[in-house]
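Starting from the known structure of chain A, arrange chain B on it as the hints suggest.
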Amino acid sequence: MSVIHPTNGIMYGMVIDLDKCTGCGACSVACMTENNIYVLKDESDKTRSITWMRLYQVENGKAFPETESVIIPRPCMQCGQPACVPVCPATATTKDEIGGIVSQITVRCIGCRYCVAACPYHARTFNWFDPWPLYKNHVEQMAGALNPDVPPRMRGVVEKCSFCHHRLMAAKARVYTETEVKNPREKYHMSEIQAVPEEYYQTACAEACPAEAITFGDLNNPGHRVHQLLKERKADAFRLLEKLGTEPRVYYLSSRRWVRKQADNYLNSPEKTVG
Amino acid sequence: MNLDAKLIPDGVQRTSTLNFGLTLLPWLGLLGFGLIGALLCFGLGLNQTAMNDYFAFGLWIVFDLAVIALGAGAFFTGFLLYIIGRKELKSIINLAVIIGFICYSAAVVMLLIDIGQPLRGWFIFWHANVHSMLTEVSFCITVYLMVLIIEYIPIILENRKLNQVREFHFFAHNLHEVMFIFAAVGTFLSFFHQGSLGGMFGVMFARPFAARPMFFIWPTTFALFIMSAIAAGPCFTLLIATLLEKIGRKKLVRAEAKQTLANIAGKLLAVYIFFKIIDTIAWIYGPAQNAGLALGDFYRDGPYGQWLLFLELGLMGILPAILLNIPAARRNTLWLTLACLLTTSGIVLNRFVMVVVTLAIPVLPFEQFIGYLPSWQEWAISLAVIGYGGLIISLSYRYLPVFPDEKALNA
Numbered sequence: 000m001s002v003i004h005p006t007n008g009i010m011y012g013m014v015i016d017l018d019k020c021t022g023c024g025a026c027s028v029a030c031m032t033e034n035n036i037y038v039l040k041d042e043s044d045k046t047r048s049i050t051w052m053r054l055y056q057v058e059n060g061k062a063f064p065e066t067e068s069v070i071i072p073r074p075c076m077q078c079g080q081p082a083c084v085p086v087c088p089a090t091a092t093t094k095d096e097i098g099g100i101v102s103q104i105t106v107r108c109i110g111c112r113y114c115v116a117a118c119p120y121h122a123r124t125f126n127w128f129d130p131w132p133l134y135k136n137h138v139e140q141m142a143g144a145l146n147p148d149v150p151p152r153m154r155g156v157v158e159k160c161s162f163c164h165h166r167l168m169a170a171k172a173r174v175y176t177e178t179e180v181k182n183p184r185e186k187y188h189m190s191e192i193q194a195v196p197e198e199y200y201q202t203a204c205a206e207a208c209p210a211e212a213i214t215f216g217d218l219n220n221p222g223h224r225v226h227q228l229l230k231e232r233k234a235d236a237f238r239l240l241e242k243l244g245t246e247p248r249v250y251y252l253s254s255r256r257w258v259r260k261q262a263d264n265y266l267n268s269p270e271k272t273v274g
Numbered sequence: 000m001n002l003d004a005k006l007i008p009d010g011v012q013r014t015s016t017l018n019f020g021l022t023l024l025p026w027l028g029l030l031g032f033g034l035i036g037a038l039l040c041f042g043l044g045l046n047q048t049a050m051n052d053y054f055a056f057g058l059w060i061v062f063d064l065a066v067i068a069l070g071a072g073a074f075f076t077g078f079l080l081y082i083i084g085r086k087e088l089k090s091i092i093n094l095a096v097i098i099g100f101i102c103y104s105a106a107v108v109m110l111l112i113d114i115g116q117p118l119r120g121w122f123i124f125w126h127a128n129v130h131s132m133l134t135e136v137s138f139c140i141t142v143y144l145m146v147l148i149i150e151y152i153p154i155i156l157e158n159r160k161l162n163q164v165r166e167f168h169f170f171a172h173n174l175h176e177v178m179f180i181f182a183a184v185g186t187f188l189s190f191f192h193q194g195s196l197g198g199m200f201g202v203m204f205a206r207p208f209a210a211r212p213m214f215f216i217w218p219t220t221f222a223l224f225i226m227s228a229i230a231a232g233p234c235f236t237l238l239i240a241t242l243l244e245k246i247g248r249k250k251l252v253r254a255e256a257k258q259t260l261a262n263i264a265g266k267l268l269a270v271y272i273f274f275k276i277i278d279t280i281a282w283i284y285g286p287a288q289n290a291g292l293a294l295g296d297f298y299r300d301g302p303y304g305q306w307l308l309f310l311e312l313g314l315m316g317i318l319p320a321i322l323l324n325i326p327a328a329r330r331n332t333l334w335l336t337l338a339c340l341l342t343t344s345g346i347v348l349n350r351f352v353m354v355v356v357t358l359a360i361p362v363l364p365f366e367q368f369i370g371y372l373p374s375w376q377e378w379a380i381s382l383a384v385i386g387y388g389g390l391i392i393s394l395s396y397r398y399l400p401v402f403p404d405e406k407a408l409n410a
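As given, the protein sequences belong to chains A and B, one line each in that order.
Numbering that gives the first Met the number 0 puts the first residue of the first sequence at 0, with every later residue one more than the last.
Numbering that gives the first Met the number 0 puts the first residue of the second sequence at 0, with every later residue one more than the last.
Careful, some of the hints might be misleading.
Claimed, not checked - Taking beta-carbon pairs under 10 angstroms as the criterion, some of the chain A residues facing chain B (in silico):
| no. | residue |
| --- | --- |
| 1 | Cys23 |
| 2 | Cys111 |
| 3 | Leu167 |
| 4 | Phe237 |
To be verified - Label-pair restraints from in silico Cβ distances:
| no. | chain 1 | residue 1 | chain 2 | residue 2 | range |
| --- | --- | --- | --- | --- | --- |
| 5 | A | Pro147 | B | Leu38 | 31 to 39 angstroms |
| 6 | B | Gln288 | A | Thr93 | 27 to 35 angstroms |
| 7 | A | Glu231 | B | Val142 | 41 to 49 angstroms |
| 8 | B | Phe309 | A | Glu67 | 35 to 43 angstroms |
| 9 | A | Thr46 | B | Ile283 | 24 to 32 angstroms |
| 10 | B | Phe274 | A | Thr66 | 45 to 53 angstroms |
| 11 | A | Thr93 | B | His172 | 49 to 57 angstroms |
Think of the hints as simulated: they come from the structure by calculation, not from any bench.
Note that CB positions come from ideal geometry on N, CA and C, so glycine has one too.
Okay, chain A solo, but in the shape it has when bound:
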């Protein structure tokens, strides 16, 4: 840790290569385990299921020989201009000044669901059910199955993907212990503002992806893979609903034009297909 980056410019983001994604769902499963997301009694009701990393299967709408499909994994976009943050009446969701992660303070959330209504990506889900009976079962049957780093949520609050923020905390702590500075105050200050190395902080979904379709890191750091990927494959990169001005921090890569077209609405465009 010789080079210390000022963290003002840190912008955590994700690049998902849709050409590589096989739709196996490992990212989603890893996310649920990592973040103590509970399973509904009836998971067939997808309108109430809690999924931070959701997979959309989209087809090109053409008949057999030309039929193609793509899987679009959708975490929280951690928008640069989040629609959800300014609307929260109780300041239960904020955008981190360092790193730009959109946080959800579930113990402060009153459950008004205004943020759920404001988010166009359906990245926010509400706890319609009481997860407690399930946790009780966990304790009895699968003692210690819950991840101690992530607080479980209660009924009646909104939750969302946090880019595994607890892992960022752990990475910062690691940097702190590894940094050799004489003045302890200076040391603390540095660990707070300095960038963490790419390998110290990876989200659960990025780690779990067997196809290595998900890359995570600091979009502004030329040393990070996400930054390089976006540069290398500029022509293939797109974001969801860019026209709305939310400035998502999750980029997708696809070499197929029709897939890139799925990302946004195009007025009176004949190519627009709904899958």
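Then chain B, alone, in the frame of chain A:
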């Protein structure tokens, strides 16, 4: 003479105690039904509703927005009477205040049931986010509800029996003397929360159906909601007054008071509809087009079809605006009632569209269209508002001098 008869205002005719008790039963039934729904929601959580992550808001928010708009008659009548000085409105102000009180108190209770963690409701005040329209709404309706209680207290204290207590008599009298201050405060607060309720939807820039052009921090819906509320509020007050007159088979409100309200509501409605049409066009060629969507993309078949737009702006907008602005039509009870009914329905429809249709339309191109039908628990709590209103109005009508001109009009 029993106690019940002693409580009835002097010189007016009221039904027998038994009859009155029987008329309360349906209202109490609705309230009880709502109570069951509320207990289920508090006890088991919001899975008792039919809402989901697509329909984060549902019937309750539609009802909230609707009753708050219809309750606007209280502040606007107060404004016209105490600030502008339209003295003829004394004939209807008490009813307007009571309706306002019912609407706002019901809205606050419904909001409390609607949030997932009711015990944390006060976090809005403690951790207030000043950028949120909902924070502004919460602050304003809480304070305005207090104003409405202050306005309601003197009416209660004027009950024949209560007014015999010297202290009550003078307290009520003194409150009346300073009522213009509360009318002014109420007007100020109402302008802001009615606007912020509209603003809540206009600021959702990532929801193209609701997003509206901004004027500094205010979207156009801010102004439209104020205008529609002050047009629909007096109409609703007139409707309830007419309903009470029909049920009681007597005159309760002076014709001048009704005409003043109808006249002003008609002019405001015309202005509102004019701006609403401009706003709709500005929205189609502004935020909607920028989001890559055309008008046809927003309205689907069936209950979410384009007919909603024409019904709201035409039949329930332009038509009553014309009716209310023709003096001859306004003076005819039937036409007046029809116009008021259309106006209030139009505003309720507008609130429904802003809430439900906004959420129904998928924004992601590959997202599904999902329908929503409220559960019986949601209906129970919403209908309880009607039961609650019926109960408060019944009790007030029987025991309080709500209509100061009733005696003179039926002499």
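Hint by hint, here is what the structure shows:
no., hint, in the structure
1, Cys23, "violated, 19 angstroms"
2, Cys111, "holds, 5 angstroms"
3, Leu167, "violated, 23 angstroms"
4, Phe237, "violated, 12 angstroms"
5, A:Pro147 x B:Leu38: 31 to 39 angstroms, "holds, 36 angstroms"
6, B:Gln288 x A:Thr93: 27 to 35 angstroms, "holds, 32 angstroms"
7, A:Glu231 x B:Val142: 41 to 49 angstroms, "violated, 57 angstroms"
8, B:Phe309 x A:Glu67: 35 to 43 angstroms, "holds, 40 angstroms"
9, A:Thr46 x B:Ile283: 24 to 32 angstroms, "holds, 29 angstroms"
10, B:Phe274 x A:Thr66: 45 to 53 angstroms, "holds, 49 angstroms"
11, A:Thr93 x B:His172: 49 to 57 angstroms, "holds, 51 angstroms"
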